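**Student:** Since the structure of chain E is already known, use the hints to place chain P on it.
Protein chains in written order, with numbering that gives the first Met the number 0: chain E, 0 to 435; chain P, 0 to 463.
Hints are computed from structural coordinates only; laboratory data are not their basis.
Quick caveat, the model's predicted, so the values are computed rather than measured.
Misleading hints may appear alongside valid ones.
Here are some chain E residues the structure puts well away from chain P; computed CB gaps all over 10 Å [as the list claims (entries may be wrong)]:
| no. | residue |
| --- | --- |
| 1 | Thr25 |
| 2 | Lys76 |
| 3 | Pro132 |
| 4 | Asn153 |
| 5 | Ser180 |
| 6 | Lys222 |
| 7 | Arg229 |
| 8 | Val236 |
| 9 | Arg344 |
Straight-line C-alpha distance at most 30 Å; calculated BS3-like pairs for lysine-lysine [as the list claims (entries may be wrong)]:
| no. | chain 1 | residue 1 | chain 2 | residue 2 |
| --- | --- | --- | --- | --- |
| 10 | E | Lys333 | E | Lys253 |
| 11 | E | Lys253 | P | Lys444 |
| 12 | E | Lys333 | P | Lys141 |
| 13 | P | Lys116 | E | Lys430 |
Think of the CB as a built atom: it goes at the ideal place given N, C-alpha and C, for glycine as much as any other residue.
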Amino acid sequence: MRIAGLILLLYAALVAGQQLDVKTHTLDNGMKLLIHEDHNIPNVALYFFFKIGSRNERPGATGLSHFFEHMMFNGAKKYGPKQFDIVMEKNGGRNNAYTTRDDTVYTDWFPSAMLEQMLDMEADRIRDLSFDPKMIKSEREVVYSERRNSEDSNFGALDELLNAAVFMAHPYHWPVIGWPSDIESWTMDDLQSHFRMGYAPNNCVMVAVGDVKAEEVIALAKKYLEPIPRHDPPPPVRTVEPEQKGERRVALNKASQLPLQMIGYHVPRTDSPEHYALEVLSNVLAQGRSSRLYRRLVDRDQLAISVGGGSDLSLDPGQFTFTIQPRSGVDPAKSEQAFLEEIERVRSAGISPEELQKAKNQWLADFYRELKRISGKANLLGDYEMFFGDYRKMFTVDKELEKVTAEDVQNVAKRYFGPNNKTVATLIPEKPEAAK
Amino acid sequence: MRIVPFLLAAATLAAQPAPQVRLPQYTHEVLANGAVLDLMPRKGVPLVSVLVLVKGGAESDPAELAGLSSLTAELLRRGTPTRTADRFSEELDFIGASFSARADTQSTTIATEFMSKDAERALDLLSDAVLHPTFPEEEAKKALSQRIEASKSSKDSPQPAASSYFQVFFFGPRHPYGRLASGDELSLKRIDRAAIAAQHARMYAGRNLIIVAAGDFDPAEMRAKLAKAFATAPAGNAYQWQKDQPPADSSGPRLLLVDKPDAVQTYFWIGNAGIRRTDPDRIPVWIVNTLFGGRFTSLLNQALRVDSGLTYGASSRAETNRLTGRIALFSYTRTDSTIQALDLALEVLKRLREKGISSEQLASAKAYLKGTFPSDRLETSDQLAGALGEIELYGLTRADIDDLFARIDAVSLEQANEVVRKHFGAGDLVFTLVGNAAKIRDGVKKYAPQVTEIPIATPGYQVK
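Bound-form chain E, shown alone:
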């Protein structure tokens, strides 16, 4: 029964993978296009993935990629300030964008009748973004508010501290949103040099999924996007994070009801051969109420009310982060101890065949849920192209997962979740009175 369940899951995912008919084309300026027709709803998800993020920044100008992302909505040559949003929304569209350590992604969702206008607007801002000093001033405040938002939240504040301790040298050290001093001092010149540094069509993948004809998308992309000149992509990131050789601990005193704990371990980059073993391990430890950490910390010992774990996609070696929300009055040392015992148990005794199977089933079902929507498909296509080097790798995830053995999972636990590779960040509650 259990095995049968798996085979069916695998079969389904395989079918889905192979059914994703993707047309590709590379424009003369180097921009790669990935197009998948899906006529379920009369809408389109159009995503632009630029391979530039906070890892391409430098001290003094941290957060610039994210700020640039905001500025992309503040006016270009043909469509002036506010016009991008106004035109989109009055045509039934909506947009967003996000910046990570590794990439900056622009996400447009709109009725298919708007396709040509959308490409015209995107080409306008990619080629001829304008930097109005007034808009820079006001957008700086918007970003600052976004940052304060995360300072006021326990999770945001502790996450920033953990990252800065896990990475000493590599640019993953600083937060994507940037340090406050840098937010205050970005200049027009910083923005322009960020653009010159690598906002290039040849450094971008465009993904279109939805109610479109691939030939039409290609023809419109040639008309609007192809004339944008290519230029150099960002220079390579030279800094390699030195190996961690001992536990690191950082603390944050903050007015708070409950403590909070985050534990980080260095792990390889996303396209490493160990990726799927780490994904399986992640599920075994922290996915669902049957996971080891939930059972131990939340259910059995009742030390915490939640526990989670996982790693972000990353171009350079990244980190695996566990987040534990201890109960009030629980000494975080106790929840940490219980956590470590569970980690040691995987490292020394490995996982059971049932756990392996369950983790794979969960992973595939979650992957499959991503394929329900045109936005999820666009996202997966872009992420696989960016972080795995080829969107087609998403069609073989089932095979990659199948290869993972219990031994592989134990090996990655041994290799990466050891005491010398560990960084612990703890938020210690201060009574609000004390904060006055």
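**Tutor:** Just chain P now, kept in the frame of chain E:
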């Protein structure tokens, strides 16, 4: 990130004629025990989404036991005659199925999504949880103490905390919506296993159940399985809905200031009483709210974010629940610009009331709602199941979706401006602020003759 998608309540329409939308075909039947069973088979990804709605929700919680429905839902998976909590989780996780059970103001929703081929196992888990929970004493204690901790920890995130305080303060202790669906640390301490078992016996009865399945399945097989499983529920008594009532005493504007001394920003809500789900003004209110604070280019976001940089986001929502809800705006700003931001938000509201909206704005909002509706509500099986559940819960028909675009198109400029006057900023405003009181206490006095101040560390969310 540019926009945190936190207020996608109901908002989300075009210059080109948008295609009309239709709900896919579905079947509707009423089982002998009164349970409603709707099936919407559709080809596509081999996933099935099943929802069980139990009428009542937080509205049915006794006044002093806020959180009872929510906790009852939480315990469904924590023990049945044939499965321990562990066993349930093990089986569920093994097939990679999702399972959630939560209460909102008018219903409890138990939702599961699974691969088509796992239907047998997944439906067995679902019906076992919904119909045969044994509420083991130890699990009840555990769940209660976890919920109490979660309630405390919610104070560590000012945004959700501000939202909870605003709800409690706006509706007041005598209104069913004046209590949090999740309960708080005070009300949860009064709940025990007996109350939970009694709530289940009273509410999880055929006459209160709505079962909806959408996705890739054979309709005859799915009907047989679901009808067999849910026919075993006792018919019970149909839940008697509470009567609509106005929010807490409104004799002038009221303001709640929640002191969080370490906050670097002030998080604020301002609102007045609005409409119900079945209000004839629902569509024009939706349109006006889109323009006021329901999208990025809305008046509020334009003024508070784009033009002034006072905030990362400003938005508004018009609730559409069974009882009259709120029309309210939300934003946040650094502590020293609190008054400036509140003044500006109120100015935007005043300008909307004085000037109304233009025919150009009306056309833009209509296009926006129609353009975004398919991906917001009709794209996936779980969305379709949700739409169907809502139709059954409110006693609507498929016309609620099928005629939607025609009804949007039919809204005239006069109608839209009438609902502006009738609902937006009408009556007494209720304010709720979470921030550093020492720095803003004096400044906010001008908004309301009655100011209530409480420290955020005061246990629970009750406001005396």
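**Student:** It remains to establish, for every hint, whether it holds in the given structure.
**Tutor:** Evaluated hints:
no. : hint                     : verdict
1   : Thr25                    : holds, 28 Å
2   : Lys76                    : holds, 20 Å
3   : Pro132                   : holds, 13 Å
4   : Asn153                   : violated, 5 Å
5   : Ser180                   : holds, 15 Å
6   : Lys222                   : holds, 20 Å
7   : Arg229                   : holds, 26 Å
8   : Val236                   : holds, 22 Å
9   : Arg344                   : holds, 17 Å
10  : Lys333(E) with Lys253(E) : holds, 20 Å
11  : Lys253(E) with Lys444(P) : holds, 29 Å
12  : Lys333(E) with Lys141(P) : holds, 19 Å
13  : Lys116(P) with Lys430(E) : violated, 53 Å
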